[in-house]
Each structure stands twice: as C-alpha cells, then as structure tokens.
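Visitor: Now for the letters of each chain:
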Amino acid sequence: MQKTMFFSVLGSIVACGAVAQIGAPPTCCSYLYTWPAGSQGSQGACSGREAEVCESSSFMSNGNDPLAMIRGNTVREANCYRYYLDITQDFLRGDCEVPPEEGALRIGELPDGTCCWIIGGGPYIKTTTSQDYFVMQCENDCPDVVQ
Amino acid sequence: MKRVSIFRGAWFVLIVCYVFPGGAQPLDDAESVSVPAEFLLWCEENRPRRGSIIVQYVPSEAARVDGVLYVTKYGFDAQSGAWFIVGPETSGGRTPSGVEYRGSRESGSTILDGSLKGSMPLSIVAEAFPRAYLVYFVEQPRAIVKAVSLANGGWQVEYRQWIHRNGPHIVVEFDDSGLVVRRWRIDPEDRREEYFSYSEELLSSGFEVATGLRGSLNLVPVEFDYDAEGNPAMFETSRVEGFLRELSVAVEIGRRAAQHGYVRGADGQLMIDPDAPLLVSPYGGSQVRAWRWPLFGVGLVFVALAGVEVWRRRR
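Here the protein sequences line up with chains C and A, keeping their order. Count the first sequence with the working numbering and you get residues 1118 to 1264, in order. Count the second sequence with the working numbering and you get residues 2 to 316, in order.
Worth flagging that the hints you see were computed from the coordinates, not collected in a lab. All residues carry an ideal CB built from backbone N, CA and C; glycine is no exception. Errors might be hidden in some of the hints.
What the hints assert, rightly or not - One-sided and incomplete, this derived list gives chain A residues near chain C with beta-carbon spacing under 8 Å: (1) Tyr-71; (2) Gly-93; (3) Ser-120; (4) Arg-143; (5) Arg-184; (6) Arg-193; (7) Glu-247.
So that you can see chain A by itself, here it is in the shape it has in the complex:
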C-alpha cells in the first residue's frame, strides 16, 4: 500500500513538472493547456504497460463486397507505443523506435520519412484499442485541450488530433476504468459520434478490442494475437510490408474467384456457387463476344466472293 502511494506521488510530481513547469504553459500554436495533473495520473494508472496485440478485422456479414474478404490488421505495442493499421491497399504506423511510416500497394514500398513526424499519432489506432488513448495522452499532453472529471469517476477529454495544423477537435469520454464509452468531433456539420462496444475477447486485459469500426463497413474482430510480454519485432516495417502484400494477394484471389463463379461458404472457404446455372456457354467469353460480329462479317465476305466465283464459272 505504501509502495503504491510512493509510486503515485512520484508520478504526480513528474506530471506536474511536465505539464506546469512554470504555471500554465503557452503552446507554440497559441493554445494553452488546462490539463489537471490528476487526469494524467489517472491515465498512467489505467494504461497498459506491457504486451502487444494484433487483431484481424473483417467487414460484418452485411457489409461484404462481392464476397471478397477485405481483411484489415490493427496492431499496438504498449511498451514502445508502436502501432500499425494495414489493409489490402495501405499501411501506416510507427515503429518501436518511433519512426512514422506509410505504405501502399500501388507504390509497392513503405515511406519512412522524418517529415511525417506528428501526422501518425498513436491516437489513430485508439479506434481499435481505446486504451491506446491513455498512453497517447501521457506521451503527448500538449494535444489535450481540456479534461473534465465526470461524476461516475470517468473523464471527458477534448484534444487536438493534429498538434501542428488545424482540424476539428475530438472529445473522448472514458468510464471510470479507462475504457472509452464514446467520442465525437467538435464539428456541427460532421460530428461523427461513435459509441464504443467491445469484443468479449480480452476484456479486462488492458487490451480491450473495439468492434464495429469504420462506419457502414462495420469491421469486426475475428483473430486475436495477444502477447502479454510484448513482441515489438512484429511492428517493424518489414513485417507490416509483409502483411500488406499478404492482404493484397488475398483480395486479388478473392476477386478473381468471384469472377469465375466461386463464392465464400459459411466457413469462409471458397466454393463453387451452388446456385449458379450449370449451363456451359461455349465461346461465351467477353473477348469472343466482342469479336463475333467482325468475324461474322469476314465470313460473309468470303461467302459473297465464293458466290461471285460460282456465278462467274456458270456463265
């Protein structure tokens, strides 16, 4: 008990020194911070400290597109603050050493660029792992505009998504355990309010996983790779590039299979569409269909020439 008090006291002093080095500290972009040190202490107490998680998301049944499974992977390592989001088209995140990066299927490579600094904050991955917010706020208290404690023991926090440029502020509401209940943008024309719900897996682990991401795509988690000790190697760009290639190929296979009459069964495996007609249409491909009239015309020319020849011989 005493050790806990000493620990809390030490954090309190550190946080107060950081946030209020000489009273209220003006920011470089002229907005001042009004963050109760108590809030950062609360974040520190409720944040995950060690462990990593990678979760595979797929669109909910109703949101599937042409039977093609668009898988997106989200990853987060608590100790280093590394994270990534990778889908069949793009990737982005931060390595364990703090380098921000982006990649895309089209470019075929990952951009590791110092100029990205600040454009890929950890708060981005909080849509899947909401406790990442707690790590983020301790790491970047300058992003916080206002933090208000709630009667239920939770907090409501307004923060700037981008520290170095303008953009709508976002408000996040936490319950008393540090889980996000809802969030919204301070933008009357585009509020985008989201209520969070969580997967049954990993509840109370400190790595709770949100479900129902990205609006109507309604991404749901289907595979969980949790390592209580943490596995930062999984967050290096080479691994994330590998995921990008793997997911792109899976989508391409799915699209080609769909074009050739395959569908996905209840178990997710590809199978011949049982409802497809069994009739085989010879010469039914689009190439052949496109050329059939020109070929027919050429044939007619030959027939006409043969007719002319026969007529000439009879004369």
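Just chain C, with the same shape it has in the complex:
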C-alpha cells in the first residue's frame, strides 16, 4: 500500500517535471522575416516608399506553448511593421553587419541573406500590428532580435 502511494507520488512528480521541461523557454525559437506583397515598390521587397516587414517568433520563445517542440505545425505571433518614407528616404539592400551609411536603420533580413536598410536623414514613420502566423516547422535556435 505504502509502496503504491510512493510510486504514485513519484510518478506525478516525474510527469509534472516532464511537462515543465517541455515548457522550459526557449528551446524552440526563432525570428523570421516576411515581406508581405502589396506594400512594396516595383523591385519587390525592400524597394519603393513603403514596406511591410513581419518579424515572427514562436510562442515557445515566450514560454506560452509548451507543446511547440513536439508539434510540427504551430501558430506564432508576428509583429508586423510598416515603414512610410518621405521623398528623401530610400530602402537599400546591403550587408547585414555594415550600415550603408551613418544612421542607416536595418529593418530586416531578406530571403537571399542580405539585409534591408532605410537610408536618408529624416525620421521614418512606422506603424505596428500583431498577427497570428502559421509555420510548418520549428527552428532550433533563437538569435537576437533584429531591429
């Protein structure tokens, strides 16, 4: 009887521990950038005078979805930023680490590995929205937030 109780309690602790382990942040986390169509210039992403960039991270990065590791498909929350430039400012593709000019703002990474920057001196105007975002796989590392 006592033995049974002991194993019951032990089993519960192990089960809770396993669940807590699954929920431990952040083992499944990454930031992705998407450039939704419709707000870009004639050259596609990183062109024209407006651009929308969605930066998504897995819920796991916030510890909100303990099953994200074992589920293949997962919904993530994306922050989407829309940049509105004036006549003097431009988007420019370039190296991710080296700003094309002093004061340039890096706004995200493009699919080809280059980065998109805003150049020009004046203040840009930016709006932010949050969207749910569905992805098919879970990345394993969590790089720094790119701003």
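We have chain C; now place chain A onto it with these hints.
Guide: For chain A alone, kept in the frame of chain C given last:
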C-alpha cells in the same frame, strides 16, 4: 514704396555677392550652381520670417491600423530655422542653435552629433510646411541645381537633397505666391510625384500646412499650435524627447486597449466595442489554453494511478 525698393535692392546685392562671388562658382562636389539671383530674392520675399508652428497629424480614417492612433508631430520655427518631426518611434530635427539630432524610442535617448551635419536639412520638414523650402533655399543656395521661372509667375527648382552625397535630385514647383504645387524625384524607376493640397487652417499665413502626407498613410493635420511671435523653446531636444515619450505611451495604451476589446469611438475616445460578443469564456486566456492539454494529461495520470490503487485493493 521707396523703402521696399531699397530693401529689395539690398537683398539683390547680397544674394548676387553670395551666389556669384566671382562669376559661376564651382562646388566642392563638381556641380556648378546656376541660380538666378532673382529666384533667391523671390524666396526672400515670400518666406515666413517670424513665428512657429507645431501640427499634430494622424492617419486618415481609411489608413488607421488596428484602431491605434499613430500621431506624428511636425514643427517649424521660421526665425531660427529649427524644426522637428516626431512620432511614436523616432524623432529628428534641428535645434534653434543649429544642432541636428535624431532620437528613437528603442534607444531611449536623442543623439546630438556633429557628424549628422547636413543629413537633416530643413527641406525635410517642407513636406508639412512647404514654405520651409523658401527658407532652406536662401540658407543653402548650394543645394540648388537649376531654377526656372514659369509663365504663371511661379518657379520650378531642381535641387540636391544631399549636398555631401549622391541621391536623386528633387524638382519642386511653386506657384506665384511661393506655395508648392507639386514635387517629384528625378528617378525614372521611383518618381514619387506628389501634388500638394493644404488645410483650410492658416491659409495665407505664411505657415500653410500640407495635408495627405506619407503615401497611403495619408496623414492629415488635426491640431495646430501657431505662435505668430515664435516659440523657439518648443524646439529644444528636451521638448522633442518629451513628445516622443508621450506619443509612444499613447500608442502602447491604444494597442493594449485594442487587445482587450476597446475601440475608438467617433470622438476618438476609447470605448468597449459595442459589436463584441458578451459571452465570457472562462479560462480562455492564451496561457491557460496552452497549458490545458498538459494539465489534462497530468490529471489522467492521477486517475490511472487511483484506478490501479483501487484495483489492487479489491484484489
């Protein structure tokens, strides 16, 4: 009448001396100026001389994002040439003493840096206050590439946005009173032609305010703070930093309110969404939803263990 003539004559001499000190003056970046002195005289006559203005812009109804009001403030002081643009994310401008600066919500501070010199010209704020161009051209005639008088009494001016680096030239067309009618970039792939329209407020004041800024965001002016005597203190970086904080907090409040079911009414005030369902869903938060299956699993384990125990006792 005579005083006006003397005044005009004095300006003409000054401008001619400045622009043509020894005939056509080559620039340090190898482009020469061909600015009719008559144009700079015209700028001088039509520019605002004194007074300051701060205008609050919001996106037009159709461009609102998630019901959150993104306010942007534009300011311009005619006498000192100080200006700023500040929104919830960034700020930038020039103080009354001529120091250029930038700031951002993320950095939490304003950068006052001598290396910014020239990257924040007064022409930037002309998108909201087009007569700022007239002050700018008198201040920086080197930026002008070409100025051509038009039959209607206006001018068409091509200028370089950046004096110390390359970039597409911009053409501005003025009417005979000095108001900007349109402007565009000399860039066949990205012309960005803009036709200017003006708010009814402050028309003919010398501080006319443009409406419909920043493409599809379509910023419209909603609040005007005009001081005919000028208030340069409002253009110090400490004030602009304060505006940046204020606008950032307003957006954060708006976003959180939207997440909790509030919407903005016709008067701009936050209110509970009248169309939202009245059903309350207990334990419906995303945290609880995320943990419910693990908790259910743990519960099942306990039930199974209890079942095993009962079965063992009966044996």
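Visitor: Confirm or reject each hint.
Guide: Going down the list of hints, with the structure as the test:
1. The interface hint given for Tyr-71 (chain A) is met, as the beta carbon of that residue sits about 5 Å from the closest beta carbon of chain C, less than 8 Å.
2. Given the 8 Å rule on beta carbons, the hint for Gly-93 (chain A) holds: about 4 Å separates it from the nearest Cβ of chain C.
3. Annotation: interface hint on Ser-120 (chain A) holds; nearest CB of chain C at approximately 4 Å, less than 8 Å.
4. Below 8 Å, beta-carbon pairs count as interface contacts, and Arg-143 (chain A) has none with chain C, the closest being about 17 Å; its hint is therefore violated.
5. Because the smallest distance between the Cβ of Arg-184 (chain A) and any Cβ of chain C comes to about 7 Å, under 8 Å, the interface hint for this residue holds.
6. Evaluation of the Arg-193 (chain A) hint against chain C yields a held restraint, the C-beta minimum of about 5 Å falling below 8 Å.
7. Look at Glu-247 (chain A): its Cβ only gets to about 15 Å from chain C, farther than 8 Å, so that hint breaks.
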